[in-house]
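Participant: Here is what each chain is made of, one letter per residue.
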Amino acid sequence: MLQPKTLFDKIWSRHAILEREDGATLLFIDRLLVHEGSRRSFKVLHDKGLRVRRPDCVFGTPDHYAPTTTRNVAEIDQPERRAMVESLSANAQAEGFALFGLDDPRQGIVHVIGPEQGITLPGITLVCGDSHTATHGAFGALAFGIGSSEGTHVLATQTLWQRKPKRMRITIDGRLSPGIVAKDIILTIIAKITASGAGGYAIEYAGSTIRDLSPEGRLTICNMSIEAGAKFGMIAPDETIYAYLKDRPYAPRGENWEQATAYWRTLPSDPEAVFDREVVLDAAEIEPMVTWGTSPEDATPVTGSVPDPSNLRDSERRSNMLRALDYMGLEPGMRLADLAFDRVFIGSCTNSRIEDLRAASKIALNSRAVIPALVVPGSGLVKRQAEAEGLDRIFKDAGFQWGEAGCSMCVAMNGDIVAPRERCASTSNRNFIGRQGPGARTHLMSPAMAAAVAVSGKLVDIRELAGASYAEG
Amino acid sequence: MQKVNSVEAVALPLSLSNIDTDQILPARFLLKSRKDGLSQYLFHDLRFNQDGSEIAEFPLNHKPYRDARIIVTDRNFGCGSSREHAVWALYDYGFRVAIAPSFGDIFLNNSYQNGLLPIVVSAVQAAEWRGQLQAAPGAHMSVDLQRQCITGPNGVSITFEIDSFRKRCLLNGLDDIGFTLDLVDSIAAFEKEYRGNMSWLEPEERAAEASAP
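Same order as they appear, the protein sequences are chains D and R.
Taking our numbering as reference, the numbering of the first sequence is continuous, increasing by one, and the terminal residue is 492.
Taking our numbering as reference, the numbering of the second sequence is continuous, increasing by one, and the terminal residue is 452.
Treat the hints with care, since some could be wrong.
To be verified - Calculated from the model, a selection of chain R residues having no Cβ within reach of chain D, i.e. all distances over 12 Å:
| # | residue |
| --- | --- |
| 1 | GLN241 |
| 2 | GLU247 |
| 3 | SER292 |
| 4 | ALA295 |
| 5 | LEU299 |
| 6 | PRO303 |
| 7 | ARG308 |
| 8 | ASP331 |
| 9 | ALA375 |
| 10 | HIS379 |
| 11 | VAL395 |
| 12 | PHE399 |
| 13 | GLY417 |
To be verified - Subject to a maximum C-alpha distance of 27 Å in a straight line, what follows is the list of computed DSSO-like cross-link-like pairs (lysine-lysine):
| # | chain 1 | residue 1 | chain 2 | residue 2 |
| --- | --- | --- | --- | --- |
| 14 | D | LYS381 | D | LYS477 |
| 15 | R | LYS431 | D | LYS183 |
| 16 | D | LYS62 | R | LYS302 |
| 17 | D | LYS29 | D | LYS185 |
| 18 | D | LYS67 | R | LYS242 |
| 19 | R | LYS274 | R | LYS302 |
| 20 | D | LYS183 | D | LYS24 |
| 21 | D | LYS477 | D | LYS415 |
| 22 | D | LYS211 | D | LYS185 |
| 23 | D | LYS185 | R | LYS271 |
| 24 | D | LYS67 | R | LYS271 |
| 25 | R | LYS431 | D | LYS67 |
| 26 | D | LYS211 | D | LYS477 |
| 27 | R | LYS274 | D | LYS62 |
| 28 | R | LYS406 | D | LYS183 |
| 29 | D | LYS67 | R | LYS274 |
| 30 | D | LYS415 | D | LYS381 |
These are computed hints drawn from the structure, not numbers from a lab.
Cβ atoms here follow ideal geometry from the backbone N, Cα and C, with glycine treated the same way.
This is chain R alone, in the form it adopts within the complex (with noise of 0.2 Å):
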């Protein structure tokens, strides 16, 4: 995973509540792998049309946004399924900060795993922000992890709340999995207590196929 710290760049908007995975990323390109380039499937159906051409409405579309590192949203971004192709999507289109006022709980924990930051914000300033954004396309935003700092288009600075934790990892690169291995002995010790304790749960099939439904 790649270091977020700073970031200052066109921020799109996209008033647009409970965008699920399966808009950011259509269950059809599951079958691509990262290396296929899955940013020129991000949002694929809202973006493009059946035949391939551009939907002009769409935002991203438009040209003082297509460079956008920062998406400021409505509620419920990233709900559905847990794909995380659809946080692949957007970090490899080059996204690396997703603003609104809430985000899907799944998709939540896969931003963090793949330096996506997501910030949560009220849903009035989310839509202030959005406005401002629609005013003058191509306007930048800034948000400073380090500091918990988002500089809105209009110059005007709030401070949000991340875990101290996953603002480390963030900062530093690191995925959960190298920290848990490090606690290797903590697991043992209570697989140890849990297994003696729980023994009804050693799962141990009885018969192939002698269930009914």
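Chain D extracted, bound-state conformation (with noise of 0.2 Å):
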């Protein structure tokens, strides 16, 4: 009888070339997404005289530069950032790969135009010079972020040498309260295992509950691993991913989607397939989230107060939690209920998709935001189709500012910054120090949280706001 596999492993075997005497294996990759900031992974691969090997699997668009008030690249007014995003058209134009360019209305983050193009399937290995690589773990795919000396290695080789990591299943069974999403889940596992509890794992989200939610939840899981540690993170290809996936652009075709689907149906992991790790937590048990420090492990429901460092017996401990309120302008005890917030984004590759907008939208509705609000969606398709359906309309209706698609203020390099000492309310995956720009206080929240801090200037109870209404759809 065969040994039962994870679905990690049985991505990995099947891409594995050779092993070396370290135990590190090479593996074949399927695809790569390349953005501005891979440029350095292409000058180091012509300064060594080597080609792209396979540019038909490298796949390209501009986001982190990426302007969020026009579609013109000359009108990008700092040259720096200019040239960064005309270097990425100058590398697919030499090397012959696919770009979805800033005028391009396929363009967007590489993490949300991956699925909604079908260049991310089930099975596949998927890599990019991006930490929220495993984004497309939700589709079943084996993907990870690397560095640009990787990035070249990819380009030169189709190949990878990676490590086995350990493995990890996160299990959650069971029916989430109305209000509750997907952004909800991954900061309740990130506080509870913290920022570097999965560190050397790939993480795979099993159980019910995770079962039940949408591409686009299932993404914004994926999504966070690594903010756990985690390199890796994936969940088993089901009937609701097929289904997304069947007729994208890029996704296999009639017999090859038949071949496709076959194979993808096989790789979910054997029920007695074994995890290095078991985590188990309860969808009920599951309340609305918000961080309050500067790690995405210093989650706590919004119901709840700031720590108390004095609690706390390891100096070195106690004088990071000080050091975080003291960034945070917090004192010890004070509940995030009556945090006074100065600016809202609802973005990024965590929460950019048309169900986050959908979500958000529904609380700017015949309401007017207090302070500056931000929309940015997280591909020109998904802004395209949200002002289909009118979304666009009811934020702007409501003051907030509806933007072109990129990472934005999620990472504050394409000039949206937050100023020093703002209070930001944001959908977006790092609370780090300086993240949204040197000085910028961020709390993480879901979509529906940060619009209602949009409209309100505060922190509320979502699961007040007109209960089930709000239950993911």
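Two chains, each in its own frame: build the complex with the hints.
Facilitator: This is the structure:
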């Protein structure tokens, strides 16, 4: 009898070319996504006199430096940023890979357009020079972030050396309370296992709660695996994913579709497969979550208070917490509900998909933003869909700014920044010191919660707003 | 990549956990190339006030630590963004060894590619060394990669683990690409079988922009 295998192991072994003496495996890579930040990977490739081995497996789009206000490269006023966007186009032209440029309606955040175009598929290996690449694991792909040198390695060889990580399964069963969404699940997980808790592991998210999530919700969960320390995060593919992928531009079709789905159905972990670590959560206990500190592990229910460092016995941990509270402008014991916010950002590879915008727009409808609020769709096609549904009108009527697709204020590289000491409610993935701009104070939360902050200036327990109508659709 | 072997130098204690790559090199400096001198931006917002003056409390601004080549820190060093600039900034400042209870997984791979030796030790050991270094600013530590041995500020040595392959690459200043290009026949043979059996995977675009999000 065959040894039971996990989803991860099945994909890993199918892509293993050979093993090195130290146990590292040379993996075949099916898809490489590139963005402006990949410039150095190409430069080193060309400096070595090498070319791209499989340009048909490379897909590029500008996202980190993509401006929120224009789709015209020439209108990027800062020359260094403009040069980053232009270098991606030049490399695409020189090497002949597919580019979704700034003026292409398919442009967007790499982790939004991969699934949207059907570039992301179950059972494949997919890498990108971005730490949030585990996002694509939501479709049952083995996807992970890489550095610039590893990017050059993939361009040159279509392979990568990796050591096999340990396997962790996080199982969540049961029904979520009304208003609780994927963002609350993943923040709960990170708070429980810490920002380094899954370091060295590949996570598989499992259980009925995960299976009940939409493709968008699953993408949100896997997206933040890295914030728990895991380079890999994945979910077994199922009918929900197949239905989403069917007829996508780059998805297989016809006879190929039949072959693909037959293969995909063999991928889920065998019932007897063994994981190195098991974590179990009860969906009914998950509350609306928000971060108070400077690491995504500093997450707590919205009804909670700022923790008190004097309760910590370890002096280094105490000084770490004091430093976080000082940066965030918080006092121990303050109720989170009493915090006054200055700004809202709804977007990023975590929460910029159509479902996220629909959830936020329900709160914005017939209401009025009392602080500056920026909504940035994850792709040109998400933007187009939202506009077809009239969501842009809802946001604009409520005084929200409606932007062009890109990473925007999540990483503050395109000029969209949070000012020093401003408190920002953000649907992004990192509340790191300086992430949204020097001195910026970021609180992570779901799209509906962020929209609620925009119209009230304060955190709101989303469960108290019209109850069940905010249940995830 | 430069060869790495033994380092004996001032060690910098940094008693912070979860130092992410945004703190090691803030995103706004990613527009700079390595030849612009990334070391001036290392730990920028921890080192400098907004007016450019030094933040007195940050240890790298203390005279005894300025020539540090070894950093001893806390769990999850280099978590966050995959930016290799974080490793380049550390390396170009002069750091050759980073010691911590755990590292960000992507940062770890980036370090090996650039001659920065990451060493995992127990949380207790790292805390003990940080305490000793704080008590005697400017104290030296030494790391011998060949012998896989670290000597603490108090002169006591321990051994550490490293993959034999990684060790050889660091000792000889080799990166992965040259090694892998020698395996091109194995890769081509794999690819032929793989493409034959997984033909559904051949990327093939259908319509220019037919998709809904």
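Participant: For LYS381 (chain D) and LYS477 (chain D), compute the direct alpha-carbon distance and say whether it is at most 27 Å.
Facilitator: Distance ~17 Å between LYS381 (chain D) and LYS477 (chain D) Cα, so the pair holds.
Participant: Could you check that no beta carbon of chain D comes within 12 Å of the beta carbon of GLN241 (chain R)?
Facilitator: 14 Å, holds
Participant: For ALA295 (chain R), is the shortest CB-to-CB distance to chain D above 12 Å, so the non-interface label stands?
Facilitator: ALA295 (chain R) is indeed farther than 12 Å from all Cβ atoms of chain D, at 15 Å.
Participant: Taking 12 Å as the cut and beta carbons as the points, is LEU299 (chain R) off the interface with chain D?
Facilitator: 16 Å, holds
Participant: Please check whether the beta-carbon of HIS379 (chain R) is more than 12 Å away from every beta-carbon in chain D.
Facilitator: 23 Å, holds
Participant: Is it correct that the beta-carbon of SER292 (chain R) has no partner in chain D closer than or equal to 12 Å?
Facilitator: The claim stands: SER292 (chain R) keeps its Cβ more than 12 Å from every Cβ of chain D (closest is about 14 Å).
Participant: Confirm or reject: VAL395 (chain R) is not an interface residue toward chain D, with every Cβ-Cβ distance exceeding 12 Å.
Facilitator: 21 Å, holds
Participant: Taking the closest pair, is the beta carbon of ARG308 (chain R) still more than 12 Å from chain D?
Facilitator: Per Cβ check, ARG308 (chain R) is outside 12 Å of chain D; nearest 22 Å; holds.
Participant: Does the alpha-carbon distance linking LYS185 (chain D) and LYS271 (chain R) stay inside the 27 Å limit?
Facilitator: Violated, because 36 Å separates the two Cα atoms, which is more than 27 Å.
Participant: Take the C-alpha atoms of LYS211 (chain D) and LYS477 (chain D), compute the straight-line distance between them, and say whether it is at most 27 Å.
Facilitator: 25 Å, holds
Participant: Report holds if the minimum CB distance from GLY417 (chain R) to chain D is greater than 12 Å, and violated otherwise.
Facilitator: At about 9 Å from chain D, GLY417 (chain R) fails to clear the 12 Å cut-off, so the statement is violated.
Participant: Would you check whether the claim that ASP331 (chain R) is not at the interface survives, using Cβ distances to chain D and the 12 Å cut-off?
Facilitator: Nearest chain D Cβ is 14 Å from ASP331 (chain R), so the label holds.
In the structure shown, a violation is registered for the earlier hints numbered 13, 16, 23, in ascending order.
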